[in-house]
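Peer 1: These are the residues of each chain, in order.
Protein chains: 4
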Amino acid sequence: MIEPQIPEIVTHEDVMFFDTDCGGVVHNIAYLRMIETARTRLASNMGMDLKHMSDTKLFPVVTRTEIDYKRSAQLGDRLRIEGSLAKLQRVRFWVEFRMYRESDDALLITCRQSLALVQMPEAAPQRLPADWLENYRGSDENRE
Amino acid sequence: MIEPQIPEIVTHEDVMFFDTDCGGVVHNIAYLRMIETARTRLASNMGMDLKHMSDTKLFPVVTRTEIDYKRSAQLGDRLRIEGSLAKLQRVRFWVEFRMYRESDDALLITCRQSLALVQMPEAAPQRLPADWLENYRGSDENRE
Amino acid sequence: MIEPQIPEIVTHEDVMFFDTDCGGVVHNIAYLRMIETARTRLASNMGMDLKHMSDTKLFPVVTRTEIDYKRSAQLGDRLRIEGSLAKLQRVRFWVEFRMYRESDDALLITCRQSLALVQMPEAAPQRLPADWLENYRGSDENRE
Amino acid sequence: MIEPQIPEIVTHEDVMFFDTDCGGVVHNIAYLRMIETARTRLASNMGMDLKHMSDTKLFPVVTRTEIDYKRSAQLGDRLRIEGSLAKLQRVRFWVEFRMYRESDDALLITCRQSLALVQMPEAAPQRLPADWLENYRGSDENRE
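Protein chains in written order, with the working numbering: chain A, 14 to 157; chain B, 14 to 157; chain C, 14 to 157; chain D, 14 to 157.
Be careful, since some hints might not be right.
When chains are identical, the list treats them as one kind, so a pair holds in a single copy or across two.
Straight line, CA to CA, 30 Å or less: simulated DSBU-like cross-link-like pairs of lysine-lysine [claimed, not checked]:
{"no.": "1", "residue 1": "K64", "residue 2": "K83"}
{"no.": "2", "residue 1": "K100", "residue 2": "K64"}
{"no.": "3", "residue 1": "K83", "residue 2": "K70"}
{"no.": "4", "residue 1": "K70", "residue 2": "K100"}
{"no.": "5", "residue 1": "K83", "residue 2": "K100"}
It should be emphasised that the hints constitute simulated quantities derived from the structure, not laboratory data.
When you get a sec, could you build the whole thing from the sequences and use the hints?
Peer 2: The following block contains the structure:
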């Protein structure tokens, strides 16, 4: 029996000036841009690369974000973003992210997002691909 | 007996090119920038204006965001953001936002955020101002 | 004889956290977002509003930016952006902007940009509207 | 006789959703964020890394940007940014960038920026490091 794989991704970011604000730390919105980069690479691993999206106009659209800011990063910090597919539903899927500071492995951010596949420009939500359910829906956590 | 006031704010935004992405609608992160503008004006109404923050380095820092994307806005849409203080705790407070498209009053976004007052650059969380509790903690909803 | 009008615009911005970086001042890129807002309102005055662009997919596209950073703005500063049409060519037009800090009228930024009207998604540059040449090309400065 | 080295950098970016706008191509401001990343890595090669800046509060500040938009990039394009030190003056230095689309090597963007080293929070411009002049000022182009 084949164990289903949970799609996962690890990305890295160096904190730039444009990520920070005058409080001296990374601005709360900048983390979400870094998470989008990780999410896009995760989607690419699941068969949805950007070029394909650009051609088909079938886009994954964020429908909910929950993000907890635990510790803050500073200019020059190297960050590690770990992401994974968390749950598949009929027309939505959930992804989860954790961001760490590389220097001391401190957990800075936890985030979960739900997404729908939406056909643009009609903005029509589509069912998730059948092979996602087959390939990724093995764990109890995903059976929902 | 004086009824305590719930601090509230209404702001407006016109959707610009920089708010949109190639899906043809407003990018999910752009709404959070608009919400930050509303949140900043709400904080100003509660006695924390930007100039004062800039001088004292006592900043309201977002500790959690929950945002639901219900409908999407497009280039040129005029948006109305309604915000209010939702709850006061000892070192955190919660604010809530709802974004509407002005043309048809469609509800696009609901969002709640918790914030802490943090003294920079030490990053030391401070108690909320005593007068906030007196002025704003009248309603049952806030008694927590 | 009717004097041709030079299209002009004045907009205002309050410096928000997301505009600043850890240097304690407004980030160089944030000024360009503010200038885009002014430019969009200027275009609207010239008959190109966002809703119209969104429908026709005829967009003004920046082909060159020159920006000089003279003084910097800080959190909470109120800024005034003055913009005007500077020159009309056959397929390009130039706009100019000056940004001031309201509190002391200090000049912070000067900027000029050239734009082309581009029909998307073919990305085909179009001639400027004939009535622009009639209405706006009166001054010597624009006769080029 | 030792040939002076011209500091150079090459970076890469994949075009993400947040880089694009509803015109279907990369937004003009997004290229400047990519250029900032390249510029920061170039500065790091010249001995000014972000951690060092964060500690000393001696920051390179953009004083002028000139950018020409020649062709546009789209979602999923892989971009190559080539940067180099172009000229050293007493209190300013110039850097130049060229952006290419990897798939067909098309030149998309040319950009030059002048920067000053500024001691924050006093905002006092500093002379360029003496060793920069020694190490990098060999070429005729830089003798100015």
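Peer 1: A separate judgement is required for each hint: does it hold in the structure or not?
Peer 2: Evaluation of the provided hints:
For a Cα distance limit of 30 Å, the shortest separation of K64 from K83 across copies, 22 Å, qualifies, whereas the shortest one inside one copy, 35 Å, does not. When the C-alpha separation of K100 and K64 is checked against a cutoff of 30 Å, the pair qualifies only within one copy, where the shortest distance is 25 Å, while the shortest distance between copies is 38 Å. In this assembly of identical chains, the alpha carbons of K83 and K70 lie at most 30 Å apart only when taken from different copies (20 Å versus 36 Å within one copy). Within a single copy, K70 and K100 get their C-alpha atoms as close as 24 Å, which meets the 30 Å cut-off; across copies the closest is 38 Å, which misses it.
Taking CA atoms no more than 30 Å apart as the test, K83 paired with K100 passes in both settings, with 24 Å inside one copy and 20 Å between copies.
Of the numbered hints stated above, none is contradicted by the structure.
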